[in-house]
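Line by line, the protein sequences give chains D and S. Going by UniProt numbering, the residue at position 107 of the first sequence is 107; the numbering climbs one at a time, nothing skipped. Going by UniProt numbering, the residue at position 2 of the second sequence is 2; the numbering climbs one at a time, nothing skipped.
These are calculated hints, taken from the structure and not from any lab test. Treat the hints with care, since some could be wrong.
Each pair may be met inside one copy or between any two copies, as identical chains are not told apart.
[To be verified] Distance condition first, Cα-Cα at most 30 angstroms in a straight line; then the derived DSS-like pairs of lysine-lysine: (1) Lys20 - Lys83; (2) Lys39 - Lys83; (3) Lys15 - Lys83.
There are 2 protein chains.
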Amino acid sequence: MAGQKKMKADVPRRKLIADKGPLSRATLRLRIVFSAERKIGPGKVDLLETIARTGSISSAARELGMSYRRAWLLMDEFGRLFKRPILTTAAGGAHGGGAELTDFGRAVIAAYRRIEDRTAEVVRSELVAFESDINNDP
Amino acid sequence: MAGQKKMKADVPRRKLIADKGPLSRATLRLRIVFSAERKIGPGKVDLLETIARTGSISSAARELGMSYRRAWLLMDEFGRLFKRPILTTAAGGAHGGGAELTDFGRAVIAAYRRIEDRTAEVVRSELVAFESDINNDP
Chain D
1 MAGQKKMKAD VPRRKLIADK GPLSRATLRL RIVFSAERKI GPGKVDLLET IARTGSISSA
61 ARELGMSYRR AWLLMDEFGR LFKRPILTTA AGGAHGGGAE LTDFGRAVIA AYRRIEDRTA
121 EVVRSELVAF ESDINNDP
Chain S
1 MAGQKKMKAD VPRRKLIADK GPLSRATLRL RIVFSAERKI GPGKVDLLET IARTGSISSA
61 ARELGMSYRR AWLLMDEFGR LFKRPILTTA AGGAHGGGAE LTDFGRAVIA AYRRIEDRTA
121 EVVRSELVAF ESDINNDP
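Please take these sequences and the hints and turn them into a complete structure.
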């Protein structure tokens with residue numbers, strides 16, 4: 001079980017740089033850093049998106065192979081970045097009765113995904129000249 | 001002395017997202033991941049650039065507050081990404097007689113810096129709509 005959790009945590013959703021060719025094996029990791037504890041990166045965005053889909057922080061944490069506590073802390077940190085809430089939670093049960101994204105939370109995710117898409121295109125366009133120089137060996 | 005080294009290592013060159021306004025406090029961290037051990041990120045690029053300026057791996061390592069061994073390993077990892085050398089080193093002395101970037105190495109740095117500039121512009125353009133929603137509190 002622990003192994004399965006680990007495996008899931010090791011394969012988060014990552015933005016591919018190209019659909020085919022050598023660069024299709026490359027992925028992008030983009031982090032926007034406001035300060036040491038105020039960052040937006042793929043970890044927080046994947047988690048928020050998983051909460052939107054599963055309807056609760058605990059289900060999303062389970063799916064991504066992290067503790068409820070870690071998921072809660074990540075969302076707390078993410079939420080503090082903004083003046084408006086990204087998430088509403090309902091009381092009930094040990095770990096709350098469920099969580100729902102606000103329209104603002106959905107807009108933040110959408111902006112990050114657009115940034116990823118546009119950045120992947122930038123990277124592809126700059127690295128395409130280097131494709132024949134990149135080693136394919138692992 | 002150790003404190004000074006630490007301080008230097010804590011303030012690597014980072015790409016700012018905007019020149020003014022709330023986003024001017026945000027920086028960008030961009031990593032292109034080919035595999036677990038094959039990544040291009042700000043750490044390797046900063047180091048390669050510092051080697052170009054100082055003329056040796058040991059001077060660059062000292063300036064960035066890392067061990068010679070770590071710097072050497074990072075450059076070895078960086079170099080293995082490509083079929084062509086990014087760096088030429090001369091023998092002599094305990095830590096080699098100096099290092100010089102190849103034209104190819106300089107082209108790789110230039111491409112990464114262009115990617116950073118263009119990505120910062122993408123992030124700025126997408127986040128500008130959120131500026132009034134971002135908390136300024138630390």
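Right, here's what the structure says about each hint:
no. : hint          : verdict
1   : Lys20 - Lys83 : between (41 angstroms within a copy, 20 angstroms between copies)
2   : Lys39 - Lys83 : within (15 angstroms within a copy, 35 angstroms between copies)
3   : Lys15 - Lys83 : both (28 angstroms within a copy, 25 angstroms between copies)
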